[in-house]
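For reference, the chains in residue letters:
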Amino acid sequence: MPSTDAAPLTPLALSEDLPPATVMPIWTPEGPMALWRSVGGTLSLAADRCPHRGMRLSHGFVRGEALSCIYHGWSYDQGGRCLRIPAHPDLEPPASIRVATGSVLEAGGVIWRARADDPSLPPDFPGFVPLRSLSFAVSRDVISRTLGGESAGPGILKGTLAGSAVILLCAEQAEGTSLIHLLAPADATLDQRIAVSRAAETLRRAAETGTTEAAA
Amino acid sequence: MKLYDYILSPSCYKVRLLAALLGIPLELRAVDFHPGGEHRTPALLALNPAGSIPILEDDDLRLTESAAMLVYLASLKSSDWLGRDTAAEAARTEQWLSFAQRLTASLGGARLCEMLLRPGDLAALQAAGIAALRELEAALVEQRLRGERFLVADRPTIADIACFPYVALAPDGSVSLDPYPSIRLWLRAVRALPGFIEMPGIHRLHELKPEPVHGAEGEPA
Ligand SMILES: N[C@H](CCC(=O)N[C@@H](CS)C(=O)NCC(=O)O)C(=O)O
Ligand code: FES
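Residue numbers (the UniProt record's numbering), protein chains in the order written: chain A, 1 to 216; chain B, 1 to 221.
Wrong hints could be hidden among the right ones.
Claimed, not checked - Listed below are the simulated SDA-like cross-link pairs for lysine to any residue, each with C-alpha atoms no more than 25 Å apart in a straight line:
id	chain 1	residue 1	chain 2	residue 2
1	B	K209	A	D77
2	B	K209	A	H52
3	B	K209	A	G109
4	B	K209	A	T211
Bear in mind the hints are in silico, worked out from the structure with no lab data behind them. As the structure is a prediction and not an experimental result, all values here were calculated from the model.
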């Protein structure tokens, strides 16, 4: 699927899954990235590869406003610049040591990959709140067919799970897999939310085993 | 209390971890599991004919199942950790203790294949491990919806300790933990517990330690 201008904004993760002072791995068409939130709450996206020896920065840790690599502790600021090399505490790290970064936007409890040159805002979904993210070992098209819902924009599906209206934000991942961010009605009760989460598991089983009937 | 222990064994680590969290001192007796295979020697088979570790001895009590060891340690010290406040809670705790055996068989089996080059159907073990991780993730999603951070309550219990090590070490068997946001937060919550101890492959939360000052040791160079 070409990702040129059709869907400049890609959903990456749910805000609740990334509390302050945490980092998570994210797959994007540009490659693996580390999405992290500072202690102060600022979101950043960095290439998931430490410039030192290539360790995944998503295995690292957040201290204050910096992301540190788990391997030798090099730390990076939100712009990707290396701040500190513990083995050489007196050295001001050269400006040339930096990790590539990307832009993100957060709205309605969803974190989106944005483009610095594109001012569009993420879609919003009045009446819906994020429930959970889950990955499917099949493409978006298979999920769409299994759900039997309707498309509501690029990568956005509307349907019904366990009797509740739902929205699925789909992001294609590596090797034909898909990451789904599931939104449920804001007024759903706890029991209804749990039922929707379980129905999503059923949908995934059906999609992955090629059962065509809808899981609603 | 004496634990027959091997540093790289996730099942032994469960017992060491809970003992540390509860402040119970253990006498550790190192077993040369690999490469020595000491757990299969006559002396060790005399203690546990099943030929597995951990083995826990306390006076005339001898235990060979880690789940029973967790129950014993928690019963000695604190009923909170037992996860038995209500009938439903007790049953759910048991459910996770049994589930932990599936983690040992699947993720643990994949890890033995990858790390010790044990023969086995790696792809089947990994698939069973992924199925177990998906179940765990779904359960933790429901717990979070209920406002609870751990497996059976909003406090840690032996259910969490029984499941934690093999899940945390899944990447050793080439099973990725990337797709599970609720598992990620749960692993973090366990690692943040006061008194948490490490094993090779499972580290503490570095960010909870103060930033090392100029030239101090503590972080690898
Ligand atoms: N008895 C079970 C199993 C423990 C277990 O799997 N132990 C492994 C080491 S981590 C073992 O001794 N395996 C015997 C072998 O692989 O030869 C428990 O206590 O949970
Ligand atoms: S690989 Fe990241 S600090 Fe060395």
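Run the distance test for K209/B versus G109/A: straight-line Cα separation, threshold 25 Å. violated, 30 Å
So if I understand the rule, the pair passes when the alpha-carbon distance is 25 Å or less; does K209/B with T211/A pass? violated, 50 Å
Restraint status (C-alpha distance of K209/B to D77/A at most 25 Å): Holds, at roughly 19 Å.
Within 25 Å, alpha carbon to alpha carbon, are K209/B and H52/A? Judged against 25 Å, a Cα distance of about 23 Å means the pair holds.
Hint check: violations occur at hints 3, 4; the rest are consistent with the structure.
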